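Using the hints provided, position chain W relative to the given structure of chain E.
Protein chains: 2
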Amino acid sequence: AILSAIDGALGAGPLAGRHVLVTSGPTHEPIDPVRYIANRSSGAQGAALAAALRDLGARVSFVTGPATVPPPHGVTVAPVQTAAEMLAAVEAHLPADAAVFAAAVADWRVDGAAAQKIKKGADGPPALRMAENPDILATVARMGAGRPALVVGFAAETEHVAEHATAKRLRKGCDWIVANDVSPATGIMGGAENAVTLITDAGAEVWPRLPKSEVARRLAARIAEALAP
Amino acid sequence: AILSAIDGALGAGPLAGRHVLVTSGPTHEPIDPVRYIANRSSGAQGAALAAALRDLGARVSFVTGPATVPPPHGVTVAPVQTAAEMLAAVEAHLPADAAVFAAAVADWRVDGAAAQKIKKGADGPPALRMAENPDILATVARMGAGRPALVVGFAAETEHVAEHATAKRLRKGCDWIVANDVSPATGIMGGAENAVTLITDAGAEVWPRLPKSEVARRLAARIAEALAP
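So the protein lines, in turn, are chains E and W.
In this text, residue positions in the first sequence follow this note's numbering: the first is 518, and each later residue adds one.
In this text, residue positions in the second sequence follow this note's numbering: the first is 518, and each later residue adds one.
Just chain E, same shape as in the assembly (with noise of 0.2 Å):
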């Protein structure tokens, strides 16, 4: 690790030369301006994939909503709040070779969020109604031209964790999907391991339970060999 690392800062690596961008963290989607709807996203996986792309040479751009781990350094940080700024920034940060969407993007932002806060009234609770967020997975995944050579989607499921992987794969036009198990009983949403679950269009490969670091480096050798000449 050491030594690669020595490689990305001299400009060698396997990814010496390709620009690689990757969402990471939550996004934070407003109901009124002191509220808003999270999801349980540490950023943790995405910044460590951050570091190990960086360490095998590539340029990389990092949008990242509210994260609680912070970015790695060497890489273009791009911080946003909610699911629109995060497409307005990925957009803004290709082309790239390769995009990888970690992010944990909320589906729904709240339709007309309020611009003062929302009283509890006689009316008793307000109902939210919601809006579908941009896909930006699907958004990138299906561009034409400029579209990344590799696009590679996160899928975060509570059950049946392959079989819906491989559904999202064909449904967003991405080319793999890493997919992991963030049922409360397996800490790893906030945790420090991840077992991931790599759809390609060979199939479901299952890796064991690792550190999200260790998933990092296997995650960018892979993107590394898929890029190579």
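Hint data in this document are derived by calculation from the structure and do not stem from the laboratory.
Some clues are possibly wrong.
Identical chains blur together in the list; that is why a pair holds if it fits in one copy or across any two.
Unchecked claim - Listed below are the simulated PhoX-like cross-link pairs for lysine-lysine, each with C-alpha atoms no more than 20 Å apart in a straight line:
1. K637 x K685
2. K685 x K636
3. K685 x K634
All figures in this text were calculated on a predicted structure; none of them were measured in a lab.
Showing chain W alone in chain E's frame:
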């Protein structure tokens, strides 16, 4: 401050022998295993207040949601996630001579949070049915036997601060309301300073904009005065 901290550590100070309960931080209300509703409270003002009360000699019970600012040393910490858990922890830590409700408790929870991650389906966004959370401040302020001698609420407003907070004091049945303007433009929520209006039965006192630590010291001194024999 150093002398009063030493007084506190020695069991001296104007609040020696007194028990004060402080709530702090946001609450997180689950939508499903990965998504939740949150708010922008950092827990900074509550943590500073607990430290200031400790420095005046009080025994402090600190019931805190998932705050970004860590709890102070020398207080009894009860960590919680939801409003329902916060009420249970408050009740478990009573009786107290004074109770200060600085937490930004969610007014609403999601009615029937999902046990599995809600999938993005063909039916479009889910409707989030909300249910009213228990009102912790009003519950304690309206206790008969065992009510703390001094019950203090906080009000986070974005407009008509003194007017809304004065109405809140009467509605909740508490003794004081510490009101602040959390409009995003003020930078108060998540920031280092606070601009407080203290509402008592004598009316509204507008305090100058001060560091949260200084607001805490002034408020702790007022609490000590109010509890003085």
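Hint numbers not upheld by this structure, sorted from lowest to highest: Violated hints: none at all, because every hint is consistent with the structure.
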